[in-house]
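We have chain A; now place chain B onto it with these hints.
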Amino acid sequence: MDVALPSALPEHIRRLWPYAPRFARVNCWRMHYVDEGAGDPIVLLHGNPTWGFLYRDVIPPLVAAGHRVIVPDMIGFGLSEKPTREHAHSLDGHSANLVALVRQLGLQHITLVCQDWGGPTGFSCALSNPERMRALVIMSTWAWPMPPAEFHTRIFPWRTMHAPLVGPYLLGKHNALAGRGVYLSVVDRERFRQRAQTAYEIMLPDPETRLLTWTWPRWIPLDAEARATARFQWLERGLARCKLPALIIWGREDEVFDAATFAQRFKQLLPHAEGPHLVTGRHFLQEDSGPEIAALIIEFLGRTPRNGIQ
Amino acid sequence: MTAAVGVVEPPDLTGKRRALVLTEDRVGHYPEFRAYFVRVFDLDRLGLTRPGYVVAPSGGVYELVFVGRSGEAFPSGVEINALIDALEPMDENLVDRDLWAILRWMIAGVGAPWSVEDLDATGRLYRLPATQS
Numbered sequence: 125m126d127v128a129l130p131s132a133l134p135e136h137i138r139r140l141w142p143y144a145p146r147f148a149r150v151n152c153w154r155m156h157y158v159d160e161g162a163g164d165p166i167v168l169l170h171g172n173p174t175w176g177f178l179y180r181d182v183i184p185p186l187v188a189a190g191h192r193v194i195v196p197d198m199i200g201f202g203l204s205e206k207p208t209r210e211h212a213h214s215l216d217g218h219s220a221n222l223v224a225l226v227r228q229l230g231l232q233h234i235t236l237v238c239q240d241w242g243g244p245t246g247f248s249c250a251l252s253n254p255e256r257m258r259a260l261v262i263m264s265t266w267a268w269p270m271p272p273a274e275f276h277t278r279i280f281p282w283r284t285m286h287a288p289l290v291g292p293y294l295l296g297k298h299n300a301l302a303g304r305g306v307y308l309s310v311v312d313r314e315r316f317r318q319r320a321q322t323a324y325e326i327m328l329p330d331p332e333t334r335l336l337t338w339t340w341p342r343w344i345p346l347d348a349e350a351r352a353t354a355r356f357q358w359l360e361r362g363l364a365r366c367k368l369p370a371l372i373i374w375g376r377e378d379e380v381f382d383a384a385t386f387a388q389r390f391k392q393l394l395p396h397a398e399g400p401h402l403v404t405g406r407h408f409l410q411e412d413s414g415p416e417i418a419a420l421i422i423e424f425l426g427r428t429p430r431n432g433i434q
Numbered sequence: 092m093t094a095a096v097g098v099v100e101p102p103d104l105t106g107k108r109r110a111l112v113l114t115e116d117r118v119g120h121y122p123e124f125r126a127y128f129v130r131v132f133d134l135d136r137l138g139l140t141r142p143g144y145v146v147a148p149s150g151g152v153y154e155l156v157f158v159g160r161s162g163e164a165f166p167s168g169v170e171i172n173a174l175i176d177a178l179e180p181m182d183e184n185l186v187d188r189d190l191w192a193i194l195r196w197m198i199a200g201v202g203a204p205w206s207v208e209d210l211d212a213t214g215r216l217y218r219l220p221a222t223q224s
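For the protein sequence lines, the chains are A and B, in the order given. Numbers 125 to 434, taken from this note's numbering, label the letters of the first sequence in order. Numbers 92 to 224, taken from this note's numbering, label the letters of the second sequence in order.
In short, the hints are calculated from the structure, not lab data. Note that CB positions come from ideal geometry on N, CA and C, so glycine has one too. Keep in mind that the hints are not guaranteed to be accurate.
These stretches of chain A come out as covered by chain B in the derived footprint (C-beta under 8 Å, 3 or more residues) [claimed, not checked]:
(1) 230-244
(2) 283-294
Calculated cross-link-like contacts (lysine to aspartate or glutamate; reagent style EDC-like; alpha-carbon spacing at most 20 Å) [to be verified]:
(3) B:Lys107 to B:Glu183
(4) A:Lys297 to B:Glu183
(5) A:Lys367 to A:Glu398
(6) A:Lys391 to A:Glu360
(7) A:Lys297 to B:Asp182
(8) A:Lys297 to B:Asp135
(9) A:Lys297 to B:Asp187
(10) B:Lys107 to B:Asp176
(11) A:Lys391 to A:Glu423
(12) B:Lys107 to B:Asp209
(13) A:Lys297 to A:Glu255
(14) A:Lys367 to A:Glu255
(15) A:Lys297 to A:Glu332
(16) A:Lys297 to B:Glu100
(17) B:Lys107 to B:Asp182
In isolation and in its complexed conformation, chain A is listed as follows:
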């Protein structure tokens, strides 16, 4: 199946994802996105190994509330182009892909909703284009170096999972992250297995298409010499100076990016931020609490000035 064509998606997934596909050229790659509704834009950013589908329960309430909702698939995931060489991917490159989309669409007064790698890429976009931003919504992510969580220092399972040759075998040949990995990171696993798991697995049908699932983990800084350390230091400094209105939403059951550590650290970086609001969810909290997340964003934007200045 050519999953670059949304019409090729299985019927049960198309029912949950009825949106018109749109494509943009960003840094020589083909990026898929959806663009629904009208009003000031809310850009919903996913991470590894998901795609816009993760926000399927968030989009309708936002559109109904009078917002324009844009959901890009990161290059390497979803219906976007999937480079087949590890060197094609970098943190700055992915951030620049988002910047390219934002500028092509001429977006202003943007609310960026950031989860997982949608955090570091989204924050990079926001801090380098502050004049276009209205607000930030922060969910299960991080923006500081060395390391994001104690979990990421462990040999079992994290570092083993993406170790040389093990990553291409485990996450490539066996699609472990899009399958069981996401399954383990939601609360209602049975509902996820029945309704959503296929939508993630089917987007990464062959080992070569799964490259980013083991490449992203390798971009997490574990020491001062790591290639992304300087960027994460810049992100941390930038967020500490950021005055954009912000909303922190976290999964109550998130045991990797646990709320007590991560949501509170964002609260320290952004003391003016609202929250953290805890909802049912592990790392992929959108799977368990999509409508609740949408309601929190709608209420937050109802209180937030349009020019992004508090």
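Frame of chain A, contents of chain B only:
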């Protein structure tokens, strides 16, 4: 099973074909993995002159082609080829089990803090076929 993987001399390739079964672009992501391959296959001396070969539990021989990139320590990557009869299809399940054995051999050779026990536990966590008895 780890002991069943071993380095062998270059085999006779007559009547064989190379079937690419696994590719790693960044073997030095954790430098101790690159160091292991350099040590086991004498790569500081041999460089790109010839691939390395290992025999797997099935008796099949696998070729390790080391890849260099300008500006990076050698090797930067590695490609694993199954050497199989030229016109015969590959037994995917057999190759999968062999690859898992090669990974266990690699992890055992790289050594602490990496361990075969952690690799096996990771495989079981993700329900890999090779870890299901």
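Okay, the hints, checked on the actual structure:
Coverage of the segment 230-244 of chain A by chain B is violated in this model, with 0 residues showing a Cβ closer than 8 Å to a Cβ of that chain against a need of three. Residues of the segment 283-294 of chain A lying with their CB closer than 8 Å to a CB of chain B number 12, which satisfies the three-residue condition for coverage. The hinted pair formed by lysine 107 (chain B) and glutamate 183 (chain B) meets the criterion: a straight-line CA distance of about 17 Å does not exceed 20 Å. Under the criterion of a C-alpha separation no larger than 20 Å, the hint pairing lysine 297 (chain A) with glutamate 183 (chain B) is consistent with the structure, at around 11 Å.
Between lysine 367 (chain A) and glutamate 398 (chain A) the CA atoms are separated by roughly 12 Å; this keeps the pair inside 20 Å, and the hint holds. For the proposed pair lysine 391 (chain A) and glutamate 360 (chain A), the alpha carbon gap of about 12 Å is at most 20 Å, so the pair holds. This hinted pair checks out: lysine 297 (chain A) and aspartate 182 (chain B) have alpha carbons roughly 15 Å apart, not beyond 20 Å. Proximity of lysine 297 (chain A) to aspartate 135 (chain B) is assessed by CA-CA distance (about 30 Å); at most 20 Å being required, the pair is judged violated.
Between lysine 297 (chain A) and aspartate 187 (chain B) the alpha-carbon distance is near 9 Å, which keeps this suggested pair within the 20 Å criterion. Among the hinted pairs, lysine 107 (chain B) with aspartate 176 (chain B) is consistent with the structure: their alpha-carbon atoms are about 5 Å apart, no more than 20 Å. Between the alpha carbons of lysine 391 (chain A) and glutamate 423 (chain A) the distance comes to roughly 19 Å, so the proposed pair stays at or under 20 Å and holds. Restraint check: the Cα-Cα separation between lysine 107 (chain B) and aspartate 209 (chain B) comes to about 35 Å, which exceeds 20 Å; the hinted pair is violated.
The hinted pair formed by lysine 297 (chain A) and glutamate 255 (chain A) fails the criterion: a straight-line CA distance of about 43 Å is larger than 20 Å. At roughly 12 Å between alpha-carbon atoms, lysine 367 (chain A) and glutamate 255 (chain A) fall within 20 Å of each other, so this suggested pair holds. Straight-line distance between C-alpha atoms of lysine 297 (chain A) and glutamate 332 (chain A) comes to about 8 Å, which keeps the hinted pair within the 20 Å bound. Pair hint lysine 297 (chain A) plus glutamate 100 (chain B) does not hold up; C-alpha atoms about 28 Å apart against a cutoff of 20 Å.
The straight-line distance between the Cα atoms of lysine 107 (chain B) and aspartate 182 (chain B) is roughly 15 Å, inside the 20 Å bound, and the hint therefore holds.
Hint compliance for this structure: hints 1, 8, 12, 13, 16 are broken, all remaining hints hold.
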